[in-house]
Amino acid sequence: MSELETLDLRNNDLTDEAVIALSKSKKLEGLVSLNLSKNNITDVGAQALARSKNLKKLKKLNLNFNRIGDEGAKAIARSPRLANLESLKLGQNKIGTEGARALNESENLRRSEEHTSELQSRRNLVCRLLLEKKKHNTNLCAHTLPEGRIRSPVA
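For the sequence shown, our numbering begins at 973 and goes up steadily by one.
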């Protein structure tokens, strides 16, 4: 069993290949928090994380500022292996209406009663904003703040 509980690899120019290798590592079996923000991760990397047998204990996953689209968001939403997530950050990616809808309707991300309110309220707000902006064909630039608020950056 691995003693590694937190891994912060933000801003390391990681690609899908690195995330695929990482997701296969048995050293991550005890991981509780994974920060992969500000990298070059696409749907392929997100799908590898969603399929990983080694991330079952993960409670916090930060994928902000990557290149994840609808397919990656759908893979995360459908993954029973990520059902323990309490915090999922996907801001500043390329997720559209389909991905937002999959996250919003995910049964896997709703399983635990203990973390439903934080994750659900953040997810619902992001999805509502994204769907509303898509209706008006404008660009959504939103991300989750530590306090759980969503804001659009000042241009």
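Treat the hints as calculated values from the structure; they're not laboratory data.
On a predicted model such as this, the values are computed, not experimentally measured, just so you know.
Treat the hints with care, since some could be wrong.
What the hints assert, rightly or not - Simulated pairs of lysine-lysine, DSSO-like, Cα-Cα distance not exceeding 27 Å:
hint, residue 1, residue 2
1, K1032, K999
2, K996, K1029
3, K1010, K1029
4, K1066, K1025
5, K1061, K1010
6, K1066, K996
7, K996, K1061
8, K1066, K1032
9, K998, K1031
10, K1029, K999
11, K1032, K996
12, K1031, K996
13, K1028, K1010
14, K1066, K1010
15, K996, K1010
16, K1031, K1066
17, K996, K1025
18, K999, K1025
19, K1029, K1061
20, K998, K1032
21, K1025, K998
22, K999, K1031
23, K1061, K999
24, K996, K1028
25, K998, K1028
Taking the hints in turn, this is what the structure says about them:
no., hint, in the structure
1, K1032 / K999, "holds (17 Å)"
2, K996 / K1029, "holds (15 Å)"
3, K1010 / K1029, "holds (23 Å)"
4, K1066 / K1025, "holds (26 Å)"
5, K1061 / K1010, "holds (12 Å)"
6, K1066 / K996, "holds (25 Å)"
7, K996 / K1061, "holds (21 Å)"
8, K1066 / K1032, "holds (20 Å)"
9, K998 / K1031, "holds (17 Å)"
10, K1029 / K999, "holds (12 Å)"
11, K1032 / K996, "holds (18 Å)"
12, K1031 / K996, "holds (18 Å)"
13, K1028 / K1010, "holds (23 Å)"
14, K1066 / K1010, "holds (13 Å)"
15, K996 / K1010, "holds (21 Å)"
16, K1031 / K1066, "holds (23 Å)"
17, K996 / K1025, "holds (8 Å)"
18, K999 / K1025, "holds (11 Å)"
19, K1029 / K1061, "holds (17 Å)"
20, K998 / K1032, "holds (18 Å)"
21, K1025 / K998, "holds (9 Å)"
22, K999 / K1031, "holds (16 Å)"
23, K1061 / K999, "holds (23 Å)"
24, K996 / K1028, "holds (12 Å)"
25, K998 / K1028, "holds (11 Å)"
Checked against the numbered hints above, the structure violates none of them.
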